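Enquirer: Each chain, written out:
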Amino acid sequence: MAIKRKGGAGGPDKVELNMTPMIDIVFQLLAFFLMTLNVVPDEGDFNIKMPLAAPREGLPDDRNLPPIKLRLEADSNGNLARFTYNGQPLASAIDPKTQQPDGGFADLQGRIIAYVGNDTGPGGVGANAEVELDCDYRLRYEYVIRAISKVSGYRTGDKITKLIEKIKFAPPRRKPNT
Amino acid sequence: MKLGHRKRELPSAEADLTPMIDMTFQLIAFFMVLIRFAEAEVSEKVQLPISELAKPPQKAPENFITVQITADQSAIIRGNEVPLPSVPGLLAREVEYLEGLPTRPSPSETTVLIRAHKDALTGDVQQVISDCQKARFEKFSLRAEYDAGY
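So the protein sequences, as listed, match chains Y and R. Following the numbering used here, the numbering of the first sequence begins with 3 at its first residue and continues without gaps. Following the numbering used here, the numbering of the second sequence begins with 29 at its first residue and continues without gaps.
Please note: incorrect hints may appear among the correct ones.
Think about it this way: if two alpha-carbon atoms lie no more than 20 angstroms apart in a straight line, the pair counts; the simulated SDA-like pairs of lysine to any residue are [as the list claims (entries may be wrong)]:
#, chain 1, residue 1, chain 2, residue 2
1, Y, Lys-164, Y, Glu-132
2, Y, Lys-170, R, Lys-162
3, Y, Lys-99, R, Lys-87
4, Y, Lys-164, R, Lys-162
5, R, Lys-162, R, Pro-130
6, R, Lys-87, Y, Asn-49
7, Y, Lys-164, Y, Gln-101
8, Y, Lys-99, Y, Met-37
9, Y, Lys-164, R, Ser-169
10, R, Lys-87, Y, Gly-46
11, Y, Lys-170, R, Lys-146
12, R, Lys-87, Y, Met-24
13, Y, Lys-170, Y, Phe-35
14, Y, Lys-170, R, Glu-166
15, R, Lys-73, Y, Asp-44
Honestly, the hints are just simulated from the structure, not real lab data. Quantities reported herein were computed from a predicted structural model and do not represent experimental measurements.
Excised from the complex, chain Y in its bound form (with noise of 0.2 angstroms):
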């Protein structure tokens, strides 16, 4: 570290510091920071309890509930072509944000929140009830994900309130052979 001193005759000294490489070594971690620094979205997750649809272990379910059957039917593109609820086809309505054909899943929602009602709490129908996911094997993973988040709850400001728990999948469709 370069000192210099100045002083006249009988003065104090005066003591300067040559700030130069401080600043230099400072811009450079500045730039490191600069360059590292990548922005990611916030990602959540959506856990699931009994994938593929594998045998329940522990005590059985005393409410015994059937699970809901959803099958989501892809196009040649692996987009939603059909999509049921238990057997039923939902009812496609237009999106408010996109005002696209939302494919039924404001439809599903509905039936959910029909079915779970208010019985929410631990030992609710929220809790016991599940969800089967039946896929193409083509159809995009975004579908899947909506499909998931529909049936899991919905949010209403900064609250979310929850609906189903239990989701799983059916046993994987065969590989189209294209």
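Let chain Y serve as the given structure and place chain R on it in line with the hints.
Expert: Then chain R, alone, in the frame of chain Y:
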């Protein structure tokens, strides 16, 4: 006649760098707090589907591995990109890696974080989950991008 030349002392301009150094330290502190070395692997090849319910968890699972599935039918595990049929081999190596850790978590205690591209085939995701089950993994989490709504 002797003309005496007096040296004129030109006024020197000295810039006070203190505020600039202060701001620079502030910026460094800002970036040091902002920078997050992601706990889970994140690949630019994988664009997650968006969900308003996928709120970031309070804390990451204690033991986890990340399996990323791209839209062109390949999987990325610990930075290695392989075609989907090679996933069981990589998972076997992950199980060996877990056994080498000090806590030696078993596969059944380890969560598999599935980060699949929104355009990936559902059947491919199910196939990867099936391969993980064969490797004795039991806990799965499907990752989605959080839509905060603003």
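Enquirer: State for each hint whether it applies.
Expert: Going through the hints against the structure:
Proximity of Lys-164 (chain Y) to Glu-132 (chain Y) is assessed by CA-CA distance (about 13 angstroms); at most 20 angstroms being required, the pair is judged to hold. Our distance criterion of 20 angstroms between C-alpha atoms is met by Lys-170 (chain Y) and Lys-162 (chain R), whose separation comes to about 17 angstroms. Simply put, Lys-99 (chain Y) and Lys-87 (chain R) have alpha-carbon atoms about 32 angstroms apart, too far for the 20 angstroms limit, and the pair is violated. Straight-line distance between C-alpha atoms of Lys-164 (chain Y) and Lys-162 (chain R) comes to about 31 angstroms, which puts the hinted pair past the 20 angstroms bound.
Taken as a hint, the Lys-162 (chain R) and Pro-130 (chain R) pair is broken in the structure, with Cα atoms around 24 angstroms apart against an allowance of 20 angstroms. As the CA atoms of Lys-87 (chain R) and Asn-49 (chain Y) are separated by approximately 14 angstroms, the hinted pair is consistent with the 20 angstroms bound. Annotation: proposed proximity of Lys-164 (chain Y) to Gln-101 (chain Y) is violated, straight-line Cα distance about 26 angstroms (limit 20 angstroms). Between the alpha carbons of Lys-99 (chain Y) and Met-37 (chain Y) the distance comes to roughly 36 angstroms, so the proposed pair goes past 20 angstroms and is violated.
Simply put, Lys-164 (chain Y) and Ser-169 (chain R) have alpha-carbon atoms about 17 angstroms apart, close enough for the 20 angstroms limit, and the pair holds. Distance hint between Lys-87 (chain R) and Gly-46 (chain Y) is fulfilled; the C-alpha atoms sit about 11 angstroms from each other, no more than 20 angstroms. In summary, the hint linking Lys-170 (chain Y) to Lys-146 (chain R) is supported, as the alpha carbons are separated by about 19 angstroms, within the 20 angstroms threshold. For the hint linking Lys-87 (chain R) to Met-24 (chain Y), the alpha-carbon distance of about 38 angstroms lies beyond 20 angstroms, and the restraint is violated.
Pair hint Lys-170 (chain Y) plus Phe-35 (chain Y) does not hold up; C-alpha atoms about 43 angstroms apart against a cutoff of 20 angstroms. With a CA separation close to 13 angstroms, the supplied pair Lys-170 (chain Y) and Glu-166 (chain R) stays within the 20 angstroms bound. With a C-alpha separation of about 17 angstroms, the suggested pair Lys-73 (chain R) and Asp-44 (chain Y) falls inside the 20 angstroms cut-off, and the hint holds.
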